[in-house]
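2 protein chains.
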Amino acid sequence: MKKYCLALVTGLSLLLAACGGNDTAETGAAPAAKKFKWKLVTSWPKNFPGLGHGPELFAQYVNEMSGGRLTIKVYGAGELVPAFGVFDGVRNGAAEMGHSGSYFWKGKIPASPFFSSIPFGMNAQELNAWIHYGDGLALWRELYKPFGLVPYAGGNTGVQMAGWFNKEINSLQDIQGLKMRIPGFAGDVFKKAGGVPTTLPGGELFTALQTGTIDATEWVGPYNDLAFGFHKAAKYYYTTPWHEPGSMLEFIINEKALAALPKDLQKIIEVAARAVNSDMLSEYTARNQEALQTLTKQHGVEVRQLPADVVAAYKRYSQQVIDELVATDKTADKIYQSYSAFYQKVKQYNQLSEQAYYASRDLN
Amino acid sequence: MKKYCLALVTGLSLLLAACGGNDTAETGAAPAAKKFKWKLVTSWPKNFPGLGHGPELFAQYVNEMSGGRLTIKVYGAGELVPAFGVFDGVRNGAAEMGHSGSYFWKGKIPASPFFSSIPFGMNAQELNAWIHYGDGLALWRELYKPFGLVPYAGGNTGVQMAGWFNKEINSLQDIQGLKMRIPGFAGDVFKKAGGVPTTLPGGELFTALQTGTIDATEWVGPYNDLAFGFHKAAKYYYTTPWHEPGSMLEFIINEKALAALPKDLQKIIEVAARAVNSDMLSEYTARNQEALQTLTKQHGVEVRQLPADVVAAYKRYSQQVIDELVATDKTADKIYQSYSAFYQKVKQYNQLSEQAYYASRDLN
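Just so you know, the sequences run in chain order W and A. Residues in the first sequence are numbered consecutively from -17, following our numbering. Residues in the second sequence are numbered consecutively from -17, following our numbering.
It should be emphasised that the hints constitute simulated quantities derived from the structure, not laboratory data. Just so you know, not all the hints are guaranteed correct.
Copies of the same chain look alike in the list, so a pair counts if it works inside one copy or between any two.
Unchecked claim - Lysine-lysine pairs mimicking BS3-like chemistry, simulated, CA-CA at most 27 Å apart: (1) K173 / K21; (2) K90 / K21; (3) K297 / K21; (4) K174 / K16; (5) K55 / K173; (6) K329 / K279; (7) K90 / K16; (8) K19 / K245.
On a predicted model such as this, the values are computed, not experimentally measured, just so you know.
Make the full structure from the sequences, and use the hints.
Quick look at the structure:
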């Protein structure tokens, strides 16, 4: 019976196709059984806490929601393309999609950091609001359109720590000539302050720090920093937040690969990304404090604060970096107008809401 | 040709079914075309900003992701069941699912407010982390299990404002005998402070305030409060946050209705809820400040702060309310142990991250 049926099914499928009986759009019938297998390249070590969990969770959501019609294989940095080869890899079709951070593409798209995190900019909750209930996502789509890529918000680390240093920072003088891994606009700010910024993939930071190729590095926060073992290669952990107040990750999809999917699978991708965007922030929020305890209590890490005059200088330089960019780049100017107007509003409201609430709950 | 094909397709479908060619689980082929039509009842006016947009967006996500196999009709409060009839309506099958807030069920489930918001408790980001990356969701599922209901996080309003008052609050003395709409544990706290709390659905608040049935009401924040026009019925807008620092909404689903869905549709529901949970917070974050400007600049609303001794008293009473509950209710005790342990950790970490960042960005 089975064999007979198989032949029958094969033959009939052709007939059915000729009849147009499989056309979802026309009949509203069950989605076509066509299966898609995608590759997803990332800028992180495979399964890295937070950053690497995001794309795995995304693949799982999509697989289950699509009933197996779209399966996605996730690759760690360097497995298929290098950590910083994600943008070009997806662009040229080496993979249908990628997971990374937009500020890594600052070299080719100067305005890209607005869609990850900028120094003294919006935090996670504020940035999500601009992206999905302001003009953020439309501007981001427009920015990536010439590259044949479609971006989606793909997670958030929350507020990041200032970083790991092998030199004490007691004043701006200590920044002079300091070699630090610090990407995005924050790198430009660090340069204005007298430092020497570099951008290296996460997986290369431990060795760079240990060998003295760099004197300092920022990465994310306790949960991620513990996973890389930076406490074994650096003396001081400065926590004072300034440079990445809520770093949004990105899913980027090859425009043609996306267009080849039926509408229901396109929507599944959009909503899965939206869910992961929130899940990742929850993961960091849930795990950071325990990791910090491990760092301080088990590994004797000393938590330090940057001097106020260093933070104040960073703040001044941050505005200069943006002013210089928008003066020379029309696209950046257009994006910043939107970002800035939105930010002024949410910042004011947060003084009455989130910040006022922290004051209420800290009351004794 | 068309007519001939239709007959052919019908006949062949039976043959194919006999061959088992349509069995998703065995073959991994396209999901069965069986269609489901669900009703979703809510505690809000149809399409109410934020709260009411959440379930509409959910229905849209599910409809599009399922290729029309699961369509959901959303009902406003009172259309199918009363605002506070959502829990029982879904329980007894009047609707397959609902959208509401868990603290409305405090009368039958004393521990339920932990899954919406509690005075001086976790904010939206912290609560999301406990629910999805702590024990929160499992405890919530356990709590609703005896009622045949499955809960999902279904949005968040963010920090709520203290509320609208027709009497000035200059000291605890002004709370004595004050009739205020304030639900959840916050109502118990208000009672301990000498007030008279009531729980009314949102749609009844304006009239209750205008007729003097109540002297004061909290609702959500500027975006929602403007929509109800409370500024036309109350004199003072107190913003000081204390009672609902990040109110999580809920989707509740009838257990049997959920079990009757194929696995892919079950997953579509889960992920759509996860996305809406984040979207709603973004909507509030994006819209509150403009609404506040409209209230203050167009309608002359005066924003006021509660006196510090009133907030301090509320804080003491809040701990008493919880202590008394957990002393008499084992389930509440178990949930609070988890909530409290998680809260202590994220609170400490936020002092180094979110709160420290607000300090950095406010630096001049």
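Here is how each hint holds up against the structure:
1. Taking the closest pair of Cα atoms, K173 and K21 never come within 27 Å of each other, the shortest separation being 37 Å inside a single copy and 58 Å across copies.
2. Taking the shortest alpha-carbon separations for K90 and K21, only the intra-copy value of 24 Å comes in at or below 27 Å, while the best inter-copy value is 49 Å.
3. In this homomeric assembly, K297 and K21 never come within 27 Å of each other (Cα to Cα): the closest approach is 40 Å inside a single copy and 52 Å across copies.
4. Taking the closest pair of Cα atoms, K174 and K16 never come within 27 Å of each other, the shortest separation being 54 Å inside a single copy and 63 Å across copies.
5. When the C-alpha separation of K55 and K173 is checked against a cutoff of 27 Å, the pair qualifies neither within a copy, at 39 Å, nor between copies, at 56 Å.
6. For the identical chains of this complex, K329 and K279 are inter-copy neighbours only, at 18 Å across copies versus 35 Å inside a copy, given an alpha-carbon limit of 27 Å.
7. For the identical chains of this complex, K90 and K16 are neighbours neither inside a copy (36 Å) nor across copies (49 Å), given an alpha-carbon limit of 27 Å.
8. Taking identical chains as interchangeable, the C-alpha atoms of K19 and K245 lie at most 27 Å apart whether they share a chain (16 Å) or sit on different chains (20 Å).
In the structure shown, a violation is registered for the earlier hints numbered 1, 3, 4, 5, 7, in ascending order.
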